[in-house]
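Undergrad: Chains as they are written, first to last, in the numbering used here: chain A, 1 to 148; chain B, 1001 to 1422.
Honestly, the hints are just simulated from the structure, not real lab data. Heads up, some of the hints might be wrong.
Stated by the list, open to error - Derived lysine-lysine pairs resembling DSSO-like cross-links, with alpha carbons at most 30 Å apart: (1) A:Lys123 / B:Lys1311; (2) A:Lys123 / B:Lys1421; (3) A:Lys21 / A:Lys123; (4) A:Lys122 / B:Lys1311; (5) A:Lys21 / A:Lys81; (6) A:Lys123 / B:Lys1417; (7) B:Lys1421 / A:Lys21.
As the list claims (entries may be wrong) - Output of the computed footprint for chain B on chain A, the stretches with three or more beta carbons under 8 Å from beta carbons of chain B: (8) 115-125; (9) 135-143.
Built from N, CA and C at the ideal position, the CB exists for glycine as well.
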Amino acid sequence: MTDQSIYRAVLLDHFHNPRNKGDLGDMQIVRRGSNPRCGDEIEIGINCENNTLESVRFRGRGCSICLASASLMTESARGLKLTQARDLIEKMQLWFGDQGGVGPPGMGLAALGSVRQHPARKKCVLLAWQALDEILDEIERHPEIVGA
Amino acid sequence: MPQDPAEKAPAPSMAAVDFEALRDDFPNLADGQPPLHYLDSAASTQKPACVIESIRHCYAHEYGPVHRGLYPLAENASENYEAARRTLARFINAGTTDQVVFTRSATEAINLVASGWAATHLQSGDEIWVSQMEHHSNFLPWQRVCNQRDARLRIIPVDDRGRLDLENAPELFGPRSRLIAISQMSNVLGTINPVREVVEHARRHDIPVLVDAAQSVGHMPVDVQELDCDFLVASAHKMCGPTGIGFLYGTSARLRETEPLLLGGGMVDEVGIDHSSWAEIPARFEAGSPNLAGAVGLATAVDYLSTIGLKAIEQRVRDLTDYAYQTLEAFDEVLLYGPETGNERGGILSFNIEGIHPHDVAQVAGEQGVAIRAGHHCCQPLMQRLGVSSTARASLNFYNNEQDISALADVINETVKLFGKR
């Protein structure tokens, strides 16, 4: 395994020791992300207070990249204002987009960069982020769900 | 056993084939630095230099329009195209050369039969039967035509060992059955299906059978007259030929009942404002300028395989498969799908490693120079039957060797080390 390997220590650590993973029973909003092509299937749940993501959790099954990215996402998004979370998701999508010229949105996420050279796996990375994006859409449509 | 078509084509050497030396025929395997362990031939095979050269030669020195010109270059191009058809017809032992129709792929050939034959023969309540192990290309065209004609798509189940469960398809040869479409070799499980037996029963009830031979032609002797099937399809790129060309074989009677899928140049007899008539078979199914270089490349691949000998190729792959099966079986973490080794199985091995996603297996493999596939292999109904969303798949051809399989074993060790439970 070389340094260029997409399975760098950070990703393997998040795969073996996922953060914020488990039951979503007491979350205010839960959204599912799935990729039927490869069988990745995860759920993201959030609790929100004063326009801030107080907790972000996930559960599901999938490849190591999908699960590590979900774990990293929950860490990065927790504590963010909703607008900041939206901004972070947009930056992630730009970073993984085709245009180039955009770097990782934060040091903690840099490990995911090794996946960028494997286009077939970009979707695995973005699955959790897209689910969070849908949660933010839902909050915009129905702010009463989070008590706003 | 089917007669080896190679016995009628260029004669294979009687001496044992030196398969290790044949690797040098494949630039991608011979040049490989670092070495390439190519275990993805079920997706597409590597190409021997003779095929690559024949395509280059065709474009460089013998290129002209097919069936459209009266000058020598064009006449020669037409002759080369038809010579390729003869080579292919002899290879699969078609009764006559015009029973072979060039298509873009096996997929297009199945769509041609679905749109051109099934759509004009199905009535409300009729049934088309496919098996649960079919590739989407031998599933979706039938699903659509059944929906369009208010017919039913019926499924031959697959047993726990990945074989057709014909006993649990009692209506397969029933009065509403209008067509049976099955693969000769599963692209996921490697299962070799008893096509001959199915056709024999179907004959008695006058039910046509289409054989998806994409994984079998070029890998074992395939004789359409011995199989006695109505239609058979395959793709060149899975048998050492180029991409972009495949073929449909049909009996003359069935092809006469089939409407063309594509209309346009080269497939007509007479065109009027209100009515037109089609050219003879097979031209009526080949609208548009034909793929001359593709046909030439395919014929060269056929000659190449025939010279080695299809029985020798089949035996070589069987030996490799047996070795690979036992190698994988030795890992406690590895779950293998499909029949055990032996006559029921071609060179395709699907497996999973407990608790590890097949994409992770394939990615680690890629980093170690081992090319395997991971995913649903265009067989979602079969994945549902196996109760998984995807598998890893190693597929073998005669140019593989012991080192390729050892490299796969190394991949499994590495994958378990990285992702396994600690």
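Undergrad: Taking the numbered hints from earlier one at a time, note which ones the structure violates and give those numbers from smallest to largest.
TA: Structure breaks hints 1, 4 and 9.
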